[in-house]
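Q: Chain order of the listed sequences is A and B.
End of the first sequence sits at 412 in our numbering; the numbers just go up one at a time, nothing left out.
End of the second sequence sits at 327 in our numbering; the numbers just go up one at a time, nothing left out.
The reader is advised that the hints may include incorrect statements.
As the list claims (entries may be wrong) - To list a few chain B residues with every Cβ distance to chain A over 12 Å, as calculated:
#1 58
#2 65
#3 72
#4 79
#5 80
#6 133
#7 137
#8 151
#9 191
#10 221
#11 224
#12 230
#13 235
#14 243
#15 245
#16 246
Claimed, not checked - To give an idea of the chain B side of the interface with chain A (calculated C-beta under 8 Å), a few residues:
#17 167
#18 171
#19 265
#20 269
#21 309
Simulated from the structure, these hints should not be mistaken for lab results.
Beta carbons: idealized from backbone N, C-alpha and C, even for Gly.
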Amino acid sequence: MIRLLLSRLAQIAVTAAILSLCAFLLIALMPGDPIDLAIAGDPRLTSEDAARLRALHGLDQPLMARYLAWAGTVLQGNFGHSRLFAQPVARLLGPALWSSLQLLGLALVLAIVIGVGLGALAALKPRLAPAVQGLALFAQAVPSFWLGLLLIILFAVQLGWLPAGGGGEGGARFLILPVATLAFAHLASYARHAASALATAMAEPHIRTARAQGAGESRILWRHALPNAGVPLLTLAALDAGSLVSGALITETIFARPGMGKLIYDAVMGNDFNLALLALLVVAIVTMLATLAADLAQRWLDPRLT
Amino acid sequence: MKTGLTLLAALVLAAIAAPLAATWLGHDPFLPDLFNRFEPPSATHPLGTDDLGRDLLLRLLYGARVSLIVGLMAAAAATLIGTVVGLLAAWRGGWLDATLMRFADGLLALPALPLLVILAALDPAVVGLPRGEAAADILRIAALLAAFGWVGVARLVRATALSVLARDFVRAARALGVGEVWVLWRHVLPQLAAPIAIATALAVGGAVLSESVLSFLGLGIAPPAPSWGNMLANAQELVFQAPLAALWPGLAILLTVLGCNLVADGVARRR
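Taking the hints into account, I'd like the entire structure generated from these sequences.
A: Next comes the structure, spelled out in structure tokens:
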């Protein structure tokens with residue numbers, strides 16, 4: 107278990123290093139650097155000034171040396187300054203990550219509760235199974251940013267019940283629409299998998315034994331079938347982590363909610379690539395750690411997996 | 057399966073028939089008509105007009121051409137790359153298999169959207185592509201989506217190819233002295249038709265969805281060329297004046313993705 111954990115952590119570190127190198131090189135190859143921007147902003151700067159500034163900031167060094175210098179400072183915990191927000195990057199990342207995790211956590215819980223509930227309904231009442239399958243198929247196809255837009259139009263513009271966007275310290279009212287949007291996009295796959303996992307679990311011999319011993323249907327479902335169906339659901343959660351994070355990022359952008367997604371989008375739009383790069387790395391590492399956590403939980407639930 | 061194919065066929069037909077509809081209705085979907093802004097649905101404008109007085113139905117149909125072409129191109133490229141990689145990994149095994157699959161795992165573990173956002177925002181002029189033309193945008197977005205889309209295909213193809221390569225008829229063919237390339241082409245590939253079809257159908261839906269997200273964020277197909285994504289971006293700015301304009305492009309994306317998922321489901325069930 108410890109060896110597995112260590113090797114997976116090493117894998118995450120390697121992936122993050124490769125990702126940061128690729129992203130750094132791509133960005134460095136773009137025409138125009140901060141000095142060019144400075145020249146554009148101040149016509150009195152001569153080309154000698156520009157060369158001197160480039161040498162001062164190390165921009166005349168070869169790409170690999172620049173990457174290593176950047177990676178070295180980041181590893182020392184110095185994330186540098188955001189040109190766009192005129193603040194240290196570290197101070198921007200903390201609150202944004204917290205806000206994104208709130209949205210993600212609430213949406214995930216809601217998606218699992220409703221999804222597993224629908225799946226249980228389909229597994230226990232075969233008459234309802236086609237309806238649940240149809241609903242899941244439909245929900246899976248709804249583009250989540252469109253759903254968010256429709257919810258804004260209905261609840262914020264037409265009815266005026268809820269805020270259309272914003273948030274941060276604003277409280278629960280700002281969370282309702284984004285959480286609903288994100289949860290709806292992900293409930294479908296949980297419903298489909300829960301239905302099939304529960305159907306498999308309910309056909310096992312130990313369920314028949316429990317029934318023969320006189321256990322009630324609801325006790326059978328909760329005590330005997332669901333724990334067995336939990337493993338495939340955790341597999342799904344591990345596989346789904348990346349798309350859940352992607353979904354959270356677009357949901358944030360639609361609802362103008364300050365979080366990692368909006369931070370990356372604003373940074374990209376504002377040409378602040380140091381911020382974009384670091385925010386991307388944080389998101390990628392958090393996603394990979396979440397996947398790892400789901401994997402470990404799955405092994406803990408089912409010791410047969412090694 | 058039938059419903060899915062019918063849906064997709066109807067969408068493709070609508071996209072092909074877009075110029076016909078334009079002549080029939082007598083409007084130009086690209087020409088602003090400032091005397092007819094925000095027209096409600098009527099006989100001349102079946103879905104009404106947008107903020108520049110352009111017919112919404114026609115823009116939806118022309119948008120179908122862009123969105124579907126991006127989706128089909130990205131899915132075709134992803135399928136091709138994924139099939140080659142998956143087949144190669146299963147056939148060679150060893151370190152090549154390990155390297156390719158580790159790479160695929162790494163790519164799959166990353167959240168795709170923020171990566172796509174950053175990559176789509178990079179200046180296309182760096183790699184020598186012209187900037188801001190619709191055709192260049194289409195190629196750029198399709199290439200980006202294919203660069204992420206091949207992973208799912210490769211994993212599915214590899215898993216199935218491994219089991220096919222271990223079957224008796226492959227060993228028999230090899231024993232008869234058939235060349236390795238011919239074994240893969242003639243004996244292994246046909247057995248992979250179903251998983252490849254499933255992966256392709258899912259890839260088309262995924263690519264249409266991703267394209268619309270990128271265009272919605274202003275990083276995909278740039279206006280005035282219509283795509284379902286940038287029509288939704290436009291509609292988002294006009295939620296007060298024309299709330300209905302947000303309905304149709306999203307519905308079109310929904311039907312496309314639904315059609316693709318139904319086809320994939322149907323193929324999977326037939327096996």
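Q: Each hint needs a verdict: does it hold in this structure or not?
A: Do the hints match the structure? See the list:
no.	hint	in the structure
1	58	15 Å, holds
2	65	17 Å, holds
3	72	23 Å, holds
4	79	30 Å, holds
5	80	28 Å, holds
6	133	20 Å, holds
7	137	18 Å, holds
8	151	16 Å, holds
9	191	22 Å, holds
10	221	25 Å, holds
11	224	30 Å, holds
12	230	33 Å, holds
13	235	36 Å, holds
14	243	31 Å, holds
15	245	27 Å, holds
16	246	29 Å, holds
17	167	4 Å, holds
18	171	7 Å, holds
19	265	6 Å, holds
20	269	6 Å, holds
21	309	5 Å, holds
In this structure, every one of the numbered hints holds.
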